[in-house]
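Student: Sequence:
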Amino acid sequence: MALTEADDLRVSSELYEALICGEEARVIEICAAIPKGPLYTPTIHDDTVLSLATNLKRNDQVLELLDMVPMHDSHKLTWQNSGGNTILHEAGFNNKTVEAAAEMIARAPMLLGMTNRLGETPLFTAAISGKTKIFKLLHREVLRTTLGQDLRNFLQRDDKSTILHKAIFSRNYWMAHEIAVKHPHLINENDCDEMTPLQLLSVSPPEFGPKRFFKRMIYKVIDTDFENTNIMFPWLTKMKKEKHQCEWAMKLVKVLVKDDMSWQMTESLVKKGRSKVHSYGRSQHIGMAEQELNMMKPVTPLLLATIHGCVEIVEEILKVYPQAIDHDGRNILCLAILHRRIEIIDLMDKMKIQKQRVRRKADTYGNTLLHLVAEKQDKATEDLKGPALVLQEDTLLFKRIKEMCKPVDTMRLNSKGKTAEEAFKQMTDATLKRYRRQVAAEKLCKSIAVSLEAKRLDSFTRISSTQCRPIQRFWVCKV
Numbered sequence: 003m004a005l006t007e008a009d010d011l012r013v014s015s016e017l018y019e020a021l022i023c024g025e026e027a028r029v030i031e032i033c034a035a036i037p038k039g040p041l042y043t044p045t046i047h048d049d050t051v052l053s054l055a056t057n058l059k060r061n062d063q064v065l066e067l068l069d070m071v072p073m074h075d076s077h078k079l080t081w082q083n084s085g086g087n088t089i090l091h092e093a094g095f096n097n098k099t100v101e102a103a104a105e106m107i108a109r110a111p112m113l114l115g116m117t118n119r120l121g122e123t124p125l126f127t128a129a130i131s132g133k134t135k136i137f138k139l140l141h142r143e144v145l146r147t148t149l150g151q152d153l154r155n156f157l158q159r160d161d162k163s164t165i166l167h168k169a170i171f172s173r174n175y176w177m178a179h180e181i182a183v184k185h186p187h188l189i190n191e192n193d194c195d196e197m198t199p200l201q202l203l204s205v206s207p208p209e210f211g212p213k214r215f216f217k218r219m220i221y222k223v224i225d226t227d228f229e230n231t232n233i234m235f236p237w238l239t240k241m242k243k244e245k246h247q248c249e250w251a252m253k254l255v256k257v258l259v260k261d262d263m264s265w266q267m268t269e270s271l272v273k274k275g276r277s278k279v280h281s282y283g284r285s286q287h288i289g290m291a292e293q294e295l296n297m298m299k300p301v302t303p304l305l306l307a308t309i310h311g312c313v314e315i316v317e318e319i320l321k322v323y324p325q326a327i328d329h330d331g332r333n334i335l336c337l338a339i340l341h342r343r344i345e346i347i348d349l350m351d352k353m354k355i356q357k358q359r360v361r362r363k364a365d366t367y368g369n370t371l372l373h374l375v376a377e378k379q380d381k382a383t384e385d386l387k388g389p390a391l392v393l394q395e396d397t398l399l400f401k402r403i404k405e406m407c408k409p410v411d412t413m414r415l416n417s418k419g420k421t422a423e424e425a426f427k428q429m430t431d432a433t434l435k436r437y438r439r440q441v442a443a444e445k446l447c448k449s450i451a452v453s454l455e456a457k458r459l460d461s462f463t464r465i466s467s468t469q470c471r472p473i474q475r476f477w478v479c480k481v
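Going by our numbering, the letters in the sequence shown line up with residues 3 to 481, in that order.
In case anyone wonders, no lab produced these hints; they're calculated from the structure.
There could be a bad hint or two in this list.
Stated by the list, open to error - Straight-line alpha carbon distances no greater than 20 Å define the calculated SDA-like cross-link-like pairs of lysine to any residue that follow:
{"no.": "1", "residue 1": "184", "residue 2": "195"}
{"no.": "2", "residue 1": "256", "residue 2": "154"}
{"no.": "3", "residue 1": "138", "residue 2": "161"}
{"no.": "4", "residue 1": "243", "residue 2": "142"}
{"no.": "5", "residue 1": "138", "residue 2": "196"}
{"no.": "6", "residue 1": "135", "residue 2": "100"}
{"no.": "7", "residue 1": "243", "residue 2": "146"}
{"no.": "8", "residue 1": "321", "residue 2": "366"}
{"no.": "9", "residue 1": "59", "residue 2": "146"}
{"no.": "10", "residue 1": "59", "residue 2": "20"}
{"no.": "11", "residue 1": "135", "residue 2": "146"}
What the hints assert, rightly or not - Per label pair, the in silico range of CB-to-CB distance:
{"no.": "12", "residue 1": "430", "residue 2": "256", "range": "40 to 48 Å"}
{"no.": "13", "residue 1": "323", "residue 2": "72", "range": "55 to 63 Å"}
{"no.": "14", "residue 1": "322", "residue 2": "76", "range": "46 to 54 Å"}
{"no.": "15", "residue 1": "389", "residue 2": "418", "range": "39 to 47 Å"}
{"no.": "16", "residue 1": "74", "residue 2": "135", "range": "40 to 48 Å"}
{"no.": "17", "residue 1": "59", "residue 2": "147", "range": "19 to 27 Å"}
{"no.": "18", "residue 1": "111", "residue 2": "9", "range": "49 to 57 Å"}
{"no.": "19", "residue 1": "160", "residue 2": "111", "range": "55 to 63 Å"}
{"no.": "20", "residue 1": "22", "residue 2": "453", "range": "31 to 39 Å"}
Built from N, CA and C at the ideal position, the CB exists for glycine as well.
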């Protein structure tokens, strides 16, 4: 017998409240009294009771609800909500309902291959969430039941993103390493932004180890085995997990660097601009539209790792493919200077042969290495430093890069018609001017604050000198 509209609203409210409050017996009781049972949809997005219980990570409750669905109705377990997600998609977002997920697959194997509105299978949602246990189960079942071209549907979404991209994005580096080893063809796949997995890792580099000496010493003696972590101190368990992440991040880098071929992408050897030692002749100015177009082009993992200061990825790429350093336009040393990545510059100092090759090149705008000291782009950290420290660091870097360059580089003009020293002086003058304005604004704010405080104290003194009594929030003087 179908429920009336009033009864449907009442049952939906009772079921939803019982689910949220964790009243498992009440949920079972309500489901047993309605025709659809656990397949009833109490939400406006058509989520079933089973789906909601799975989302709430109630493993035992989900198993009990599955037992309420007759075997001849197992095909109804493939119900999709308004977003196209099934109960197995919901299970892919947590590690608490792995046992229930195995039962779902046993009852309705077709759940494995069903996709939501975004083209994601349950395996894909497990990679997005970075949940290891459910990923192992789903990945094992997919490999057992699927072969050949059909496997691609499980590994790639409609927008070209793969489970390897998503595992890296979720920062589960063990999972990403497992995917890269089992499905090596995904290493050179591009996502919707034309980024390979190694490029994505270079943009958001992981922690490869602690910076502090004391923590490094602890890392050397602790084991990353996760057996019996419940009896450990919470801080030690956290450090074990961090070390586990660091170790698998480095293993992932080695696998990706070995097979990723995106380092071969480079600009034409024919330069669009050239540096000069005078300001006569045809202008070398490059329009803003062309500059913006060049900025939108995807760059190699080596350059991305340099921009984001990931020394480990840079070092591994140059170790496996030393020829990757031969990049026209703004190369690794240019970007290290531009973004103030001192660790990368130190690394290049150790690699004398490669440094000799890249230091003599100007970029497509005629800038030498010295010009780029005045073209810095990493200005976010300046707000955390004082003006004296910023100017001191810039001056020391300018002197250091000047020692690398030839005397003629100090005379070269870029596309704006400026020598390196002129560009650097212009930058330092602008920095000083900006900080002077900030100091003046701070002094003005302080003087206003002091003036207001003085007025407040003066008024308080005058009021307290009279006989006053408080009434609610106001001071009323006696007549």
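Student: Determine for every hint whether it applies to the structure shown.
Tutor: Hints versus structure:
no. : hint                     : in the structure
1   : 184 with 195             : 24 Å, violated
2   : 256 with 154             : 24 Å, violated
3   : 138 with 161             : 24 Å, violated
4   : 243 with 142             : 24 Å, violated
5   : 138 with 196             : 28 Å, violated
6   : 135 with 100             : 7 Å, holds
7   : 243 with 146             : 30 Å, violated
8   : 321 with 366             : 27 Å, violated
9   : 59 with 146              : 26 Å, violated
10  : 59 with 20               : 15 Å, holds
11  : 135 with 146             : 17 Å, holds
12  : 430 with 256: 40 to 48 Å : 42 Å, holds
13  : 323 with 72: 55 to 63 Å  : 60 Å, holds
14  : 322 with 76: 46 to 54 Å  : 50 Å, holds
15  : 389 with 418: 39 to 47 Å : 25 Å, violated
16  : 74 with 135: 40 to 48 Å  : 31 Å, violated
17  : 59 with 147: 19 to 27 Å  : 26 Å, holds
18  : 111 with 9: 49 to 57 Å   : 35 Å, violated
19  : 160 with 111: 55 to 63 Å : 23 Å, violated
20  : 22 with 453: 31 to 39 Å  : 54 Å, violated
Violation of the numbered hints given earlier is confined to hints 1, 2, 3, 4, 5, 7, 8, 9, 15, 16, 18, 19, 20; the remaining hints are satisfied by the structure.
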